[in-house]
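Chains as they are written, first to last, in numbering that gives the first Met the number 0: chain A, 0 to 262; chain B, 0 to 179; chain C, 0 to 360.
Hints should not be assumed to be uniformly reliable.
Under the rule of at most 25 Å between Cα atoms (straight-line distance), these lysine-lysine pairs were calculated in the BS3-like manner [claimed, not checked]:
no. : chain 1 : residue 1 : chain 2 : residue 2
1   : C       : LYS206    : A       : LYS213
2   : C       : LYS206    : A       : LYS204
3   : B       : LYS136    : B       : LYS152
4   : A       : LYS97     : C       : LYS198
5   : C       : LYS206    : A       : LYS18
6   : C       : LYS281    : C       : LYS296
7   : B       : LYS138    : B       : LYS179
8   : C       : LYS208    : A       : LYS203
9   : C       : LYS193    : A       : LYS97
10  : B       : LYS136    : B       : LYS174
11  : C       : LYS43     : B       : LYS151
12  : A       : LYS199    : A       : LYS96
13  : A       : LYS20     : C       : LYS210
14  : C       : LYS208    : A       : LYS18
15  : A       : LYS97     : C       : LYS43
16  : B       : LYS138    : B       : LYS174
Since the hints were made in silico from the structure, they are not lab data.
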Amino acid sequence: MSEIAIQDIIKPENLVYEKTKLMTDKTLSYCPGCGHGTTHRLIMEVIEELGQENETIGVAPVGCSVLAYEFMNVDMQEAAHGRAPAVATAIKRLWPKKVVFTYQGDGDLAAIGTAETIHACNRGEQIVIVFINNGIYGMTGGQMAPTTLPGMKTATSPYGRDIATMGNPLKITELVAQLPGTYYVTRHSVHTAAAARKAKRAIKKAFQNQLDGKPGLSFVEVVSNCNSGWKMEPVQSNIWMEENMFPYYELGDIKVDGKLLSK
Amino acid sequence: MTEEIIIAGFGGQGVLSMGKILAYSGIMQDQEVSWFPAYGPEMRGGTANVTVIVSDDRISSPTLTAYDTAVILNQQSMDKFESTVKPGGVLIYDPNGISKHPTRKDINIYTIEGAKLAAEMGNTKIFNMVVLGGYLKVKPIVKLENVIKGLKKSLHERYHKLIPLNEDAITMGMKHVVLK
Amino acid sequence: MGELRLMKGNEALAEAAVRAGSDGYFGYPITPQSEVIEYLMAEKPFERTGMVVLQAESEVAAINMLYGGGGTGKKVMTSSSSPGISLMQEGLSYMAGAEIPCIVANIVRGGPGLGDIQPAQSDYFQSVKGGGHGDYRLPVLAPASVQEMSDFVPISYDLAFKYRTPVLIVSDGLIGQMMEKVELFDQMPRITDKEINEKYPWATNGKPKGKERRILTSLDLDPHKLEKHNFHLQDKYKQIEANEVRYELIDCDDAEYIIVAYGSSSRISQKAIQLARAEGIKVGILRLITLWPFPKKPIDELVIKGIKGFLAVEMSAGQMVEDVKLTVRERTKVEHFGRYGGVIHSPEEVLEALKTKIIGG
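Isolated chain A, as found in the complex:
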């Protein structure tokens, strides 16, 4: 048997998976095992599948995904911390036929940007918000987030989040679902292939809502791990997420087609 060179493998007929061209070739800055990269890919795949490459404007946040615009190969604006929904509001109002989305973490969306989040949702802006909730501030070195679980240790809650003094984890997704301006509110994860497929369907539905001019904002939360911030191995962090995050942040649709689902 002759030796097989790599050139013999890289052939169109052998292709089983291709990275969407809406992801750049730049190496992701995320920690191995983090959910950000997967979520980026899902959004870009959806935009490509919907044929919206040239019609989309994305708004990146401040946080770990501050450099999302380096990886997402569409027109992007980098917003100030928490302000992405306001930035996206104006883009959509001024370009109603374009597709506009924000990509935000928990500190950005649910702490410093709470007002912008609530009001963009309440006005029913026809944009998509993708919200990554990993219960911690990754970028700044593992401090407490508004979504940090009770008792969870972070750099600013080194003895665990004490509810009495540090407040409760904020279920902002349930909160915005109550607002008449949201049309679709759902929560997913991307830690397994099956979960990622479900999340992608949700992201696609969110963007399809916008393309169809559905009245209101589509809001997709992705509960993610942060193995560095949680100080765990990637696999261990996914198990921890399933055991601790999912019971608090229950996966599944919360509001579909403008109607709250009863639990």
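We have chain A; now place chains B and C onto it with these hints.
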């Protein structure tokens, strides 16, 4: 010609709109005008005043400390503005509700029974037009036809039917202004 | 001749926004400038020209709406007053960094803090020295009449797009609330999507087919690259300083003394110099139209001409006077006269200050 006027009274007496009509009348005869109201908490207390300048030349300061004419419609304004009339200037006031009448000897003081005349005409809302008429008799700085044009400009079209009534009020004021 | 109207400064600003072909106004009410958004909402420019008008949830949101809208190449503006403008400083810094054009009008009121709602000029430092964090400057225009509240809107848009920068219109409650005769300029067309794509290749309105995507950001984690970007910004500011200085000389030909003032103060000073000249005092006014870039050259020329003293008249405790001093460099006398906290100088006070601080001092 430059005429610097303060109009002062209670909110609701039409102080600001009287000033506005006067300013608009000036524009109708190609003059420069400015209208600067006291705004904010000063107004919340119930008093209102506005500085109006009508001039053939570019207007410098829109706020002043001395005036050619003061039109005074309540006691607080009398207390505040009697002293601000330039020597030789004009003070016109409605004696209704005035307990301390002006005492200066170096200015020309006129009275106009605006509230009474407006009530007699059956419409208290034209009070400020009666007063404006009194002022224009003393200081004919703008022509009546330009006041009517000014009224048309500053009133919404749906109120244009009230213009004859306003004109009557101005005429009434012109007839009844009295030198003290 | 354009249409003549009697309007408040705030209303003239709003009407000019529509006529200048604005695509969007995003604002939050605050005294003494709420008439701007009230006028726009009543006027319905969305029916007249298709312009978007939106009441934001805060000044923070409003300025970030300008970031988004301006970043797509649209003409966008907002207006506020001092406390609201402080809230906008974050967004302005980001827009300076990302080079996003817009107009922000500040109808200044007394401060610091909540202050009051009366006219003031105490936001000079904030306007001309940057305002937010980082090394940046913004062109600042200071209208002194209702007419200029209208005229400066299209001028500001031209500057904003020429230099890809936010432009400030700094006025105050006096000019915002007063009515004067204003000649309105004719309606200008709004920019078309095609024109945006041709003129502004940086605008993020959807990646053009077959071309690279556009990114608007103020972030660069590599200090050398960020320094390079800062060099570029500083070059731009030098160009603005060289090309965009605006001022007016009033009665300066025979003047022995000069009042330096802008906006409302320059109007009050005009009355003061009338009073002064009636007494035989030869005084003129250098009125700043751009607060930044600061008119250094005319001041320098007046110094060389032998002016005996400059009086900086401003409704602040002494802000603009620092720039006058930096320009005069102790070659002749520079003094400051200010009323502040919402108090407006009287023309008589200005004359008195000229006599005591400059002529007799």
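Outcome of the hint check:
no.	hint	in the structure
1	C:LYS206 - A:LYS213	holds (24 Å)
2	C:LYS206 - A:LYS204	holds (22 Å)
3	B:LYS136 - B:LYS152	holds (22 Å)
4	A:LYS97 - C:LYS198	holds (19 Å)
5	C:LYS206 - A:LYS18	holds (19 Å)
6	C:LYS281 - C:LYS296	holds (21 Å)
7	B:LYS138 - B:LYS179	holds (16 Å)
8	C:LYS208 - A:LYS203	holds (22 Å)
9	C:LYS193 - A:LYS97	holds (15 Å)
10	B:LYS136 - B:LYS174	holds (8 Å)
11	C:LYS43 - B:LYS151	holds (22 Å)
12	A:LYS199 - A:LYS96	holds (23 Å)
13	A:LYS20 - C:LYS210	holds (13 Å)
14	C:LYS208 - A:LYS18	holds (20 Å)
15	A:LYS97 - C:LYS43	holds (24 Å)
16	B:LYS138 - B:LYS174	holds (14 Å)
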